[in-house]
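Student: Generate the whole structure from the sequences, applying the supplied hints.
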Amino acid sequence: MNHENIISKLTLEEKIAMIHAAGLFRSGAVKRLNIPSLFMSDGPIGVRQEFENDSWTPIDDTTDFVSWLPSNTCLCTTWNPNLARKFGEVLGDEARGRGKDVILAPGINIKRTPLCGRNFEYMSEDPHLTGRMAAPLVQGIQSQDVAACVKHFALNNQECDRLSVDTKVDDKTLFELYLPAFYDALMEGGSYSVMGAYNKYDGEFCCENATLLKKILRDLWHYDGVTISDWGGVHNTEKTALNGVDMEMSVTPDFDDYKLANPLLEKVKSGKIDESVIDKRIERILTMMERIKLGDKTRNKGCTNTKDHQQTIQQIAEEGIVLLKNDTAHLPLSKETKKILVLGDNAKRTHAAGGGSAEIKALYDISPLLGMRMVLGGDAQIDWLPGYYVDNEKHVAGEVDWQAESLDVDYTTDRGKEQFDKEIRPIREKYLKEALDACPSYDEVIFIGGLNHAYDVEGFDRPDMTLPYGQNEVIEALTEKCKNLTVVLINGGPVEMPWINKVNSLIQTSYCGMHGGLALARVLFGEVNPSGHLAETYPVHLCDTPTEKFKSYPGTVDNSGQRHVEYTEKLMVGYRYYETEEIPVLFPFGYGLSYTTFDLHDFSVEKTDDETVCCRCQITNTGNRAGAQTIQLYVGIPEEGQPKKQLRAFKKVALAPQETKHVSLCLSKKDFATYNCKNQAFVINEGTYSLWIGTSVKDIFFQSEVTLSQSGIVK
Numbered sequence: 026m027n028h029e030n031i032i033s034k035l036t037l038e039e040k041i042a043m044i045h046a047a048g049l050f051r052s053g054a055v056k057r058l059n060i061p062s063l064f065m066s067d068g069p070i071g072v073r074q075e076f077e078n079d080s081w082t083p084i085d086d087t088t089d090f091v092s093w094l095p096s097n098t099c100l101c102t103t104w105n106p107n108l109a110r111k112f113g114e115v116l117g118d119e120a121r122g123r124g125k126d127v128i129l130a131p132g133i134n135i136k137r138t139p140l141c142g143r144n145f146e147y148m149s150e151d152p153h154l155t156g157r158m159a160a161p162l163v164q165g166i167q168s169q170d171v172a173a174c175v176k177h178f179a180l181n182n183q184e185c186d187r188l189s190v191d192t193k194v195d196d197k198t199l200f201e202l203y204l205p206a207f208y209d210a211l212m213e214g215g216s217y218s219v220m221g222a223y224n225k226y227d228g229e230f231c232c233e234n235a236t237l238l239k240k241i242l243r244d245l246w247h248y249d250g251v252t253i254s255d256w257g258g259v260h261n262t263e264k265t266a267l268n269g270v271d272m273e274m275s276v277t278p279d280f281d282d283y284k285l286a287n288p289l290l291e292k293v294k295s296g297k298i299d300e301s302v303i304d305k306r307i308e309r310i311l312t313m314m315e316r317i318k319l320g321d322k323t324r325n326k327g328c329t330n331t332k333d334h335q336q337t338i339q340q341i342a343e344e345g346i347v348l349l350k351n352d353t354a355h356l357p358l359s360k361e362t363k364k365i366l367v368l369g370d371n372a373k374r375t376h377a378a379g380g381g382s383a384e385i386k387a388l389y390d391i392s393p394l395l396g397m398r399m400v401l402g403g404d405a406q407i408d409w410l411p412g413y414y415v416d417n418e419k420h421v422a423g424e425v426d427w428q429a430e431s432l433d434v435d436y437t438t439d440r441g442k443e444q445f446d447k448e449i450r451p452i453r454e455k456y457l458k459e460a461l462d463a464c465p466s467y468d469e470v471i472f473i474g475g476l477n478h479a480y481d482v483e484g485f486d487r488p489d490m491t492l493p494y495g496q497n498e499v500i501e502a503l504t505e506k507c508k509n510l511t512v513v514l515i516n517g518g519p520v521e522m523p524w525i526n527k528v529n530s531l532i533q534t535s536y537c538g539m540h541g542g543l544a545l546a547r548v549l550f551g552e553v554n555p556s557g558h559l560a561e562t563y564p565v566h567l568c569d570t571p572t573e574k575f576k577s578y579p580g581t582v583d584n585s586g587q588r589h590v591e592y593t594e595k596l597m598v599g600y601r602y603y604e605t606e607e608i609p610v611l612f613p614f615g616y617g618l619s620y621t622t623f624d625l626h627d628f629s630v631e632k633t634d635d636e637t638v639c640c641r642c643q644i645t646n647t648g649n650r651a652g653a654q655t656i657q658l659y660v661g662i663p664e665e666g667q668p669k670k671q672l673r674a675f676k677k678v679a680l681a682p683q684e685t686k687h688v689s690l691c692l693s694k695k696d697f698a699t700y701n702c703k704n705q706a707f708v709i710n711e712g713t714y715s716l717w718i719g720t721s722v723k724d725i726f727f728q729s730e731v732t733l734s735q736s737g738i739v740k
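In this note's numbering, the protein residues as written are 26 to 740.
To be clear, the hints were calculated from the coordinates, so they are not data collected in a lab. Don't be surprised by glycine CBs; every beta carbon is placed ideally from N, CA and C. Treat each hint with caution, since some may be false.
Dumping the calculated PhoX-like pairs for lysine-lysine here, alpha-carbon to alpha-carbon at most 25 Å [what the hints assert, rightly or not]:
no.: 1; residue 1: K686; residue 2: K676
no.: 2; residue 1: K508; residue 2: K527
no.: 3; residue 1: K677; residue 2: K694
no.: 4; residue 1: K508; residue 2: K360
no.: 5; residue 1: K455; residue 2: K364
no.: 6; residue 1: K508; residue 2: K455
no.: 7; residue 1: K723; residue 2: K669
no.: 8; residue 1: K34; residue 2: K318
no.: 9; residue 1: K576; residue 2: K193
no.: 10; residue 1: K240; residue 2: K695
no.: 11; residue 1: K442; residue 2: K458
no.: 12; residue 1: K632; residue 2: K676
no.: 13; residue 1: K576; residue 2: K197
no.: 14; residue 1: K458; residue 2: K364
no.: 15; residue 1: K595; residue 2: K193
no.: 16; residue 1: K669; residue 2: K576
no.: 17; residue 1: K723; residue 2: K676
no.: 18; residue 1: K676; residue 2: K694
no.: 19; residue 1: K326; residue 2: K386
no.: 20; residue 1: K373; residue 2: K332
no.: 21; residue 1: K350; residue 2: K364
no.: 22; residue 1: K527; residue 2: K458
no.: 23; residue 1: K508; residue 2: K363
no.: 24; residue 1: K350; residue 2: K677
no.: 25; residue 1: K350; residue 2: K527
no.: 26; residue 1: K506; residue 2: K373
no.: 27; residue 1: K574; residue 2: K723
no.: 28; residue 1: K632; residue 2: K686
no.: 29; residue 1: K703; residue 2: K240
no.: 30; residue 1: K264; residue 2: K240
no.: 31; residue 1: K574; residue 2: K595
no.: 32; residue 1: K676; residue 2: K695
no.: 33; residue 1: K447; residue 2: K419
no.: 34; residue 1: K442; residue 2: K455
no.: 35; residue 1: K292; residue 2: K305
Label-pair distances were calculated between CB atoms; the ranges are [unchecked claim]:
no.: 36; residue 1: M399; residue 2: A54; range: 44 to 50 Å
no.: 37; residue 1: K197; residue 2: E730; range: 21 to 27 Å
no.: 38; residue 1: K419; residue 2: E315; range: 41 to 47 Å
no.: 39; residue 1: S693; residue 2: S80; range: 46 to 52 Å
no.: 40; residue 1: S693; residue 2: K193; range: 29 to 35 Å
Tutor: In structure tokens form, the structure reads like this:
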């Protein structure tokens, strides 16, 4: 395609039509030259339902039901890049099946605070793990002739005042912690587009930020894809035209009045802005159209709701479930169990339709209770009781504007306390009494609780890490009453567990997609051996987190109403902080149990050349069940201010009973490099570097050292 020829034929008005929305989810077309609109859709875990072109009114029909994929949190706890690729293939295929050209996914912002309401859409607190999972996911999407749109670039780490919060972070932290996953997704994954964030960085909105979008993205990384604004993320015509995104999208129907529409047209005509800045955008947009084979008869047509898609979703859900405690080897439960009491709202709750822009109109959604009935059949008696009372149902069901409403009753006010005592407390007490009275009559009691999309939701951060609806009191009471109690938590991020020492069997899942309930049941009853590992730390208390210690969240508000957040914790985010400061945690990063046992042995470290260090070991499944273990390699860098440990390689290994396999984890120079602000580049320094191999950041089997004698800039 001769882009120069096409651009020369376009009028100024036609060029401008191509760089802003002509609908809530489409760009402008140029019919005269057969240049179509680009049709876009949320989101990271499935193709969102259809809306009217110029309003947020759903098109109420039966043609936009799709497969609901597991959340990015669930995907990342698989620690399986091959599944990330398959995840992307399903998402891309379904997007094409709905006629989409760009799918607004994946979301890869670092989980800086456990309170971020959108964490369930993101992957990890660690940039290496995020990048290693995001790159194949992007490649999977784009293998289906759909453009991925990686989001949100950058430093979009909280929902509190997300539309305008001004984030300040030093360059070293920016390049070592918050940008690497974007580099992996955009440059190694080859993402055809990237979404600018709502927030500000260093005083400038991200969608018009010269440092992020010109200096880093274009000049340093040489990224040639399309930059798209978050919906409503553009604020200034001139700044955006000169420094910002290629394409402006927003939430209002006045498309011709967008900043990159008539206001830009007027500035170009008056000579204030050169037309060449638009031509560069058109070149990138045409390139993306060519890459996704827009208008090409050989382009993948896509499909939705296939059995192959559902099988992939099932596998991801199963590998994404994390066994956190099994002290008495009570799990898996016997499939011959006759009487089972299931407690908790999340046992019956389906979650596809909530969460904000990640909401999905799922073809179906298997709840945990349904999944158990599917696995056990008709001979088992499975009864359900609520256990706890959900007192904000409208928020959970997505019936309340998640950008405009608070989550819950404010119990600290006199009116809130009165309402709680009069309306909520009696129901909680009734539900708890019913559960406790029923427990002795059953062989097994399974409590399924956690969070929901009143708390894991776009537009809000959680107020704390406490389980809502009085669940802690319920679990505490159950531990005293039930001999055979299993606790299952479904949530997008860490919660405090004051009852943890009284519970022997604990399973953690995130929102695992349309087969999540079936996957959970198969794990509970031994059809699947759990192999998930946490992709973030579970701290004991909120006050233990680095953002609380450094008082760096949610920031301060100045006299003008502007919120400022300074990342004063720097590199000490998640396990990097807990390991360095030796802070006890509930469950460490990378942690996960199995129904079988593994032994790591025969370790060695070899410098193969000046470029590569290889760590090798053997792993044996010493149990009587087939299973999979994730081997993790951490590096300690001898530089002041660096965390004690940083993940640099991992591999998930499947093993039959008594089988042994050889594993190699190799590191290149970039794995030892740090960002040097003076040189404005990554450099490697001479010195002795520590190496740790284990099955979590805390469960280390082998420690060694390697000395690097050469230093310099790493290309």
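Student: All hints, please: hold or fail.
Tutor: Here is how each hint holds up against the structure:
A threshold of 25 Å between alpha carbons decides the hint, and for K686 with K676 the separation of about 12 Å falls inside it, so the pair holds. For the hint linking K508 to K527, the alpha-carbon distance of about 11 Å falls within 25 Å, and the restraint holds. For the hint pairing K677 with K694, the CA-to-CA distance comes to about 23 Å; that is within 25 Å, so the pair holds. Between K508 and K360, the direct Cα distance comes to roughly 18 Å. Compliance with the 25 Å bound is thereby established for this hinted pair.
With a C-alpha separation of about 23 Å, the suggested pairing of K455 with K364 holds against the 25 Å cut-off. Our distance criterion of 25 Å between C-alpha atoms is met by K508 and K455, whose separation comes to about 22 Å. For the hint pairing K723 with K669, the CA-to-CA distance comes to about 12 Å; that is within 25 Å, so the pair holds. At roughly 21 Å between alpha-carbon atoms, K34 and K318 fall within 25 Å of each other, so this suggested pair holds.
For the suggested pair K576 and K193, the alpha carbons sit about 14 Å apart, so the restraint of at most 25 Å is met. Among the hinted pairs, K240 with K695 is consistent with the structure: their alpha-carbon atoms are about 21 Å apart, no more than 25 Å. Only pairs whose Cα atoms come within 25 Å are accepted, and K442 paired with K458 is accepted, the gap being roughly 22 Å. For the suggested pair K632 and K676, the alpha carbons sit about 20 Å apart, so the restraint of at most 25 Å is met.
A distance of roughly 20 Å separates the Cα atoms of K576 and K197; the hinted pair therefore holds under the 25 Å criterion. Taken as a hint, the K458 and K364 pair is honoured in the structure, with Cα atoms around 19 Å apart against an allowance of 25 Å. Only pairs whose Cα atoms come within 25 Å are accepted, and K595 paired with K193 is accepted, the gap being roughly 10 Å. Under the criterion of a C-alpha separation no larger than 25 Å, the hint pairing K669 with K576 is consistent with the structure, at around 22 Å.
For a cut-off of 25 Å, the pair hint linking K723 to K676 stands: about 17 Å separates their Cα positions. At roughly 19 Å between alpha-carbon atoms, K676 and K694 fall within 25 Å of each other, so this suggested pair holds. Pair hint K326 plus K386 holds up; C-alpha atoms about 21 Å apart against a cutoff of 25 Å. Restraint check for K373 and K332: satisfied, since their Cα atoms lie roughly 24 Å apart, inside the 25 Å limit.
The suggested pairing of K350 with K364 holds, with an alpha-carbon distance near 23 Å, which does not exceed 25 Å. This hinted pair checks out: K527 and K458 have alpha carbons roughly 20 Å apart, not beyond 25 Å. Restraint check for K508 and K363: satisfied, since their Cα atoms lie roughly 16 Å apart, inside the 25 Å limit. For the suggested pair K350 and K677, the alpha carbons sit about 20 Å apart, so the restraint of at most 25 Å is met.
As the CA atoms of K350 and K527 are separated by approximately 11 Å, the hinted pair is consistent with the 25 Å bound. Distance check on the hinted pair: K506 and K373 sit about 23 Å apart at the alpha-carbon level, within 25 Å; holds. For the suggested pair K574 and K723, the alpha carbons sit about 21 Å apart, so the restraint of at most 25 Å is met. Distance check on the hinted pair: K632 and K686 sit about 22 Å apart at the alpha-carbon level, within 25 Å; holds.
Of the supplied pair hints, the one linking K703 and K240 holds, its CA atoms being roughly 16 Å apart against a limit of 25 Å. Pair hint K264 plus K240 holds up; C-alpha atoms about 14 Å apart against a cutoff of 25 Å. Taken as a hint, the K574 and K595 pair is honoured in the structure, with Cα atoms around 12 Å apart against an allowance of 25 Å. Restraint check: the Cα-Cα separation between K676 and K695 comes to about 19 Å, which is no more than 25 Å; the hinted pair holds.
For the given pair, K447 sits about 20 Å from K419 by alpha-carbon distance, which is consistent with the 25 Å threshold. Restraint check: the Cα-Cα separation between K442 and K455 comes to about 18 Å, which is no more than 25 Å; the hinted pair holds. Restraint check: the Cα-Cα separation between K292 and K305 comes to about 17 Å, which is no more than 25 Å; the hinted pair holds. At roughly 46 Å, the beta carbons of M399 and A54 sit within the given window of 44 to 50 Å.
Separation of K197 from E730 is about 24 Å and conforms to the stated range, judged on CB atoms against 21 to 27 Å. Between K419 and E315, the C-beta spacing of about 46 Å keeps the proposed range 41 to 47 Å intact. A hinted range of 46 to 52 Å holds for the C-beta pair S693 and S80, which are about 51 Å apart. Look at S693 against K193: about 32 Å separates their beta carbons, and that is inside 29 to 35 Å.
The earlier numbered hints are all upheld by this structure, with none contradicted.
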